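Quick mapping for you: the protein sequence lines, in order, are chains A and B. Heads up: the first sequence runs through residues 1 to 534, numbered per the numbering used here. Heads up: the second sequence runs through residues 535 to 1146, numbered per the numbering used here.
Simulated from the structure, these hints should not be mistaken for lab results. Some hints could be false.
[Stated by the list, open to error] Quick list of the computed label-pair ranges, beta carbon to beta carbon:
1) B:V1080 - A:T301: 19 to 29 Å
2) B:S563 - A:L319: 39 to 49 Å
3) B:R884 - A:T301: 36 to 46 Å
4) B:L542 - A:T301: 30 to 40 Å
5) A:K457 - B:S593: 25 to 35 Å
6) B:K1091 - A:W278: 24 to 34 Å
7) B:R760 - A:W278: 26 to 36 Å
8) A:T301 - B:K1067: 33 to 43 Å
9) A:K8 - B:R681: 22 to 32 Å
10) A:L201 - B:V1080: 57 to 67 Å
11) B:V764 - A:A253: 53 to 63 Å
12) B:R723 - A:A253: 54 to 64 Å
Since this is a predicted model, take the numbers as computed values, not measurements. By construction, the Cβ of each residue, glycine as well, lies at the ideal position given by its N, Cα and C atoms.
Residue strings, one per chain:
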Amino acid sequence: MRRAALRKGVLLGALAGGVGGLVFGAAMSQLGILPTIASLVHARSAEIGFLVHMVIAAIVGGVFGALVWQQRIGVGETLFWGLTYGTLWWFLGPLTLLPLLLGAPLVWSVGAAQAAFPSLLGHLLYGASTALALVVLRRDRRPQTGTLYGPVLRGALAGLTASWVLHLILKTQGQTLAFMAIMSVGSHPAGRLGVLAGGLLAGVGFALLYPRPTDSIGPGLVRGMMYGFLWWVAGRLTLMPVIEGHGLAWALASVREHFSTFPGYLLFGVGMALVYRWLTMLVKLLFSDEIDVRNGEGMGTRGLRAMGRGAFAGLVGGLIFTVVMVQMGVLPIVARLIGSSSTLTGFVVHLVIADLIGASYGLLFARQSYDFGSAVGWGVSYGFLWWILGPLTLMPILLGAAPKWTTDVAAGLFPSLVGHLAYGAGLGATFHVLEARYNPWWIPHTQREAARAARRKEHVLTSAPALWALVVVIALTLPIVLTCGDQGLSSTGSSMDGGGSSDVTLSTRSTSRRQSGAVTDRDPGCGPRVGPGP
Amino acid sequence: MKIIVSPLSRRDLIAGATSGLIGGLVLSSVVQLRGTTTALAGLVGWESWGINLGLQLPSLILVGAAFGAIFGYHPESTAFHVSGGLLFGLLWWILGPLTLMRLWRGHLPAWSLHEASDAFPSLVGYLVYGAVMGISFYALVSVWARRYPEESSGLAVPTSPAKRVVVLGGGFGGVSAAQHMEHLLAGNREIEVTLVSQGNYLLFTPLLASVASSGLEPQHISAPLRAALVRTDVRRAEVERIDTRAQVAWIRASPSALAVALPYDHLILALGSVPAYFGLPGVKAHSCTLKTLEDATRLRDHVIALLERADAESDVNVRRGQLTFVVVGGGFAGTETIAELFDLVHSILRYYPHVQESELRFILAHSGGRILPELSPALAEYALHKLRARDIETLLDTRVMGATSAGVVLNDGRAIATHTLVWAAGNEPHPLVQKLPCEHNRVGAVVCDSTLLVKGLTNVWAVGDCAQIPDLYQGGEPCPPTAQHALRQGMKVAENVVAALKGKPAEPFRFRAIGTLVGLGHRTAVAEIRGWKFSGLLAWFIWRTVYLSKLPGLEKKLRVILDWTIDLFFPRDIALTAGLARPASSQISGVAHEANKPQENRMGDGSRGRVL
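In isolation and in its complexed conformation, chain B is listed as follows (with noise of 0.2 Å):
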């Protein structure tokens, strides 16, 4: 980083400077004038006093300047320069005559009381030359001071910063940004970063699925932005528009206040993925996701509002319909939320006497010839083993046609009653993001060259879903979307970022991937970590334990293990709350019906597209 010398440190610098020669021309005219050649030798070592201003005055002018970098100017406080001075000189006592002189003599120094009291005359020297270097110093400052106020002003917070950062997107890719310019801007008043997000908190979606299935706290896989950020200026709202050609981004922060432009130097884009839903008829009606916390707490209250239903039901066409829990995609959001499904249901069924095990029906509905194709066959094949294992139905090369309030249509004809629709079959990039007037990729994420630049516009950057970015380590392949790598491009952006506002060339973003891991649910998992494949008890192990300690902040980890530990003695909580906390209506069938209730008075749900 380059040294920025701003005026005020020049300004003590140069005193400093001028008050360490002052000091020391007093010091030497007074052992001049009446001193002894103990006196004189023992200050600075040297027996000839020809040698020893030659040599001393420089030094002393270094450690004058020093003074003034370290201790600075205070004009508040006289006595505070006098006490400085002392300090100042005491130490440098003892790193000048005890140590640098010594070695200078080709002595290595021992720091004995005997050393100390041959040199006792100098410390009497410094602290007399710190003393006086201490009061000049200050008062040249003042004069300094009185002959240009407006350059010492003290304290004053800048009206309006001189360059502005504006980051979208407060997921992982948009926080470890932010967090990262604050690191490399500490002590920077010129630059001021905003952070724009539509929740208040950083959401630690791996563990999301566990919320689904009640095993965590909502909140406390999230992480609030505010106090991750400190000195971030965090906005909570939507993002509107992006002008790039004027370079401002427009916000709201609700649907009924005013949109607020803000105006950008350099723009980061980490807004993330929506999910896809390839224009498949009733999908996106009949089904839910699992992206935000109220995703999970809303897919959970929703699966115990069933059980409570089915409890009570007696036509047996509906209680299949009930019964029957389906995921669409096969990746690591499809596979985890199955498997995690299970567990909740299982966990909680002895609550519900008259409904029987062998009712209840899992499918995963994969498109691919075989689930979780970021894994490696053999782990994959495990992974597959293990969910059949539990009943759990895993229909490969099957795509999903459409879906109603009743139930999904297949590719092969076939329909399945079903009330919950959980929809991971794949995400395409904020909506905000395809507009941009800049290079797309096929699903319409912006193409980044690789210092993370979004090629085709000026200032403005990318990481995380809604970018492709190059993997150098893959031959230029696109990274893949996970969070690992948002949270390194973040940092890799941030510095690219500050390294464009002070003018230096931008570095290539390099990451090798660390691995993947995967939950399985009851106490099994697979992981791959840098090509060691783990599968069982130990690769549960492993994920539990990693994921723990990417968990943003002690007091988050804490009530993990809390959490955590607390379900390993006692049964998941089945209290509804919120919307379903009574029997409504609307709780006819689908999960759309089910849920959407609520959903029309939430805000902020951009992810859903409704903003545009």
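Chain A on its own, in the form it takes in the complex (with noise of 0.2 Å):
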């Protein structure tokens, strides 16, 4: 029975994984990869590299219907986990596997990973539309309960709230350039009809994945950032370039300047999710009759509890993260927030605030870890949520500048990015043994709670671990592959122009260990640089 039910998964993984191969493949024939994956079978033909290509897709797309398969059945779940996948392989085919079956040796320097951005687009879209291909090919969707009218109205008002919002925002700091569809148009009405047009599409696409989250709504702001993340890599480097009739987006140079809206995308994600979320927990509150509603503790009690406990944890995440603070030298421009410039102010307001988030972590992220793996999980991903929306968004508005998205600033903040990771892994580890200690509700007691329990365990079978895995690989490798060095840019060029063996170029050129000082006097956004810059 299991074994039958493997086989079959492998078949439509693979199958799945044929589909996400084609979409794959046509991006790599734009950008003339082919003829290195051709060179694994000792040939130089584009055709022949293709045919290879899908050989491995489909076999790739195989291990993943086989990873998948007891997982929850639905668009909204297994997208997320053919991210996470597709961006595993990328590690592992292109960084790893290629070379050493090519005979190159092994690098894995930021050269060699810049010179492999592009496929790493590839790799995050072939994963989208594998997993997409194989929701579609199961089949066995489970019932809807109810229409989907309901969903995709409240998602199209998320979508229109979240980007007319974020473009009010961003207008008043003069930084509608920094948004989605601001394209070419600039602040045309036709620029706002086109942002709020792509809000709208997104919302409706949102409530489409997740018609009815049963999660609570920490977990689904997480799912909408990267959610938002999504919609950058196949709305604004991929789509948007090739109707405007410029081709793929995908090279390490074209990405970098598009780097100013991958904030903007995964804050709108985030807003739009709120709203959706929001407006969700409304109708329920205002129109639904389950008796779930009913049978809780009520805010009063739950919340101010969450809130405290949350406190608490994001004052030990906070002094995790004060090591951080003191390294870069920034807590007295923290201070600046309030109008001082003593570190000891800055400390002060820093706990303050780490305290604030902690709180907020609490009420949203209440009862949703029953172990330290998903308590850390969550935490840092909502630590990273606050970097994109800390010190590289609020931060420069309450100081009175306009926020400025550019890879140099996103470089000068990476110990920043580091910090708040320690600070959302703090955070959600101590929230989880303070929620244990009072209460370890996973562990039955009666039979009620093990009814609870067991539906608070098919967690694992939601996207949820993905989302950890993929916000995490994300945030650590897109600063540091986009920012880093010119040295990569160098050898991009040669990867797109040349084709053939480029990684083994490039290999060979960094086998010798990288002068990074020199590097650094290069490129100042390779530098450490303090602060975010008024």
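Dock chain one against chain two, each of which comes alone in its own frame, and use the hints as you go.
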């Protein structure tokens, strides 16, 4: 029984992988990487390369099918598994196996990663389309309860609101440029319409992914953030340039240019998910007859308790973060938020902020972690969200400057990113300890609690674990690869024009240990920069 | 607390360590196969491969074991382990190459992009390592689980817990013991805690007098036990018998229900006390006490009903009895009760135009030389002065010799005609406790050692009013019967019981009393906190603030704040409900007649010894 199911999973996964391979292959032929693939079988023609690529895609898809066979069915769940899986294969494939099979030395350097960067985007799209295809192929969808009109309407409203609000905020900052469809039309009415239309579309898409969200708001926000990331890859970097007739914007240089829109897309996703969840909750509160809604402790008890625990956990996370802050020397800058410049004031302000964010974490992620793994997973995801929202966005605004979402700024804020991830890990873990100490609800005491715990365990079957990994991979890889060194740039160029064995040439060149100091001198983006800068 | 490693955790640890090793070996072989020095050096930071392996493998094994312990095994999902491994590997990349490795080499980590890009090869390495480790962990444990399926039952509810702790009594001592045990035993499925209580709520007794004076709603000073105790098995029942030899407590949920046996490994007695009448004739029959919510409501209704009748009564002698209120006992409870009764009657007097203020008599009879013997003389003097200034007659060195339906007889031979006699002159331990085969003190409380273990019994502990516990700060004198002591004793007994269950030594109970607060009604109180003395408005403010902060749960706090605020702006409610809603034939005289009718139907009145 189990074996038959697995076999079916592998088979369908291979088929789905084929679909994903077609998408990726089309992009590859545009980028001219196919001959590299062909060299795996000692050939150089693009056609053979495409064939080899399709075979690989099918095999990889089969493995994917086997992996996610037990996961919950549904687009919203499978999609993020696909994205994470695609990312993993970027590391396994072009960065590891390809050089090994071609007989080239293994480098794993930033340069190699930069050279293979277009392929990362390809892998992401491959993962997404394989996942979508797999869902369609599996067909044994859970019976839908209720109509889709309500969710779609809410999603549309959420998308519109989020895009409108973000548009407004950025416009007051003179930063409309930093947002989605702000492409060539600037602040034109047409541009505004484009933004709203994009938001509407994204909102509807999100609603279709999660028509009846089961977890609480926090995980929804993380999903929204990664959904925004997907739109950035699929929309801003892929579809929009193609529609505009520029071809794919996958080359490192152009992705760097578009990096300024990256935080905007993520924030849009978060905002949209927030509004969508609020609307869903409101509708549930007002019109739902479900017993579940009534069977709670009430916001006054549960919410305040969660906030208190979150605040304490935030304090712990904040103390961890302080180490990074001191190393960066940014505490005086933080102090400027309240018009001071002393380190001590900065420390206090920093702890207060850490506390507030912790309290919000408590509210958003209460009862969402059942062990340290999930606690840290949600924690770091939330920490990354606040890296985008905090030092990249709110901090400059509060200090009276426009947020600059350029690669330079992001490079300077890399220590802060590490700090935020550490903060999130500390926050999540401490919060989990506090929650578990009071009442470890996942350990069943009565039958009713056992049922509830089983429902929570299903968490594992949703896309949550994939999300955590995806967030951290993206958070660490993108800033490093995009903002570091121009060494990658030149080699990217060679890979773009020459195709062939670009990886090989690159690798041999980088065999000698990189003189990182020299790189820093050449590129300011890589050097240590302090603070966001006014 | 001792770390107990369950077989499942041990399995996860071992499998995790092994998979960490597998991940490390795969990675090392890949790197060794074709690796450049960059990749190799980036991986851990040592140039030489030999040192590398020697230091790296143990750390990889540790990381793997940590992975197994933290993420665990989820048979329902393969993919979870891959993504978990990815996440774990990446977090270790931050902790390892970006932080620890730099410290090892004597640099302070700056976590700059520059450092990160230098360490990028190891990022890829850790990522691959994490993925391989995750999937091999899943494979290993899957094989294991297939071989030993009985060990791997995931979510089953245990049919019978290994150890049982039974707490008798739902007052401060019992509830704090159960609550603290919930904290201490969080995540422990082996030990089950059962709490048996007459009522299904924890009563905040310090504010009981305010309920009697209609200043607070009865429900607002009670916290439902089931909401406060999430994992404890709460039983609303009467305790019938305790068999300390067989270690069984017998309880009965209602008079018509069958008695149920509760076997225990450890028993915590927190049954509290009942009023003591010292065999005085008629007192028990013709007085009321103030120990339960029902008492408080009954007293309030009784007083209002008396005013209703006095308003229509023409016989002066009858009126005198109806408008005389006697409280016996000048301790905390008696003093607060007479002050609150005074407040109640005076605040609603204007509704009864035929009752003259001069007709009202309030009497506090106390057997000692000064009231409030628990307080320092100066404060007691202040309280006495305050009461007398309000025309409350305070009779010192006065005993009640007996009571009839018409009034009370004092030791000097005086008879006072009254329909209201509140008995606050003495308590004795719960009768059940007095019958236990162990050492008792003069009044019948069980004698405990400093660890709260009952002398002469095994595995029986006691806290609160039913036990005599030595106060180590007062040279072994018995602890006073206050809520603050009961609360701390409950916490300590929880720790000691848990320690005993784990085979550890018990610790002695040490607590220095924080202070005493007595409300005197009408924005006055006396307070003594750590030797500091307060009186008047300030003390009243402290009294309210402290009690408010001690009320269990935010919801009740808010409700009491609302009650107090409303009380500031609006008159007290005189609506009569329940038993006294309509004039009854029994309403002739005496508090017992006034209110005893409904009492016959009451259930669970064990405090009056009916059950025994």
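Check your understanding: Of the hints stated earlier, which fail here?
Key -> none
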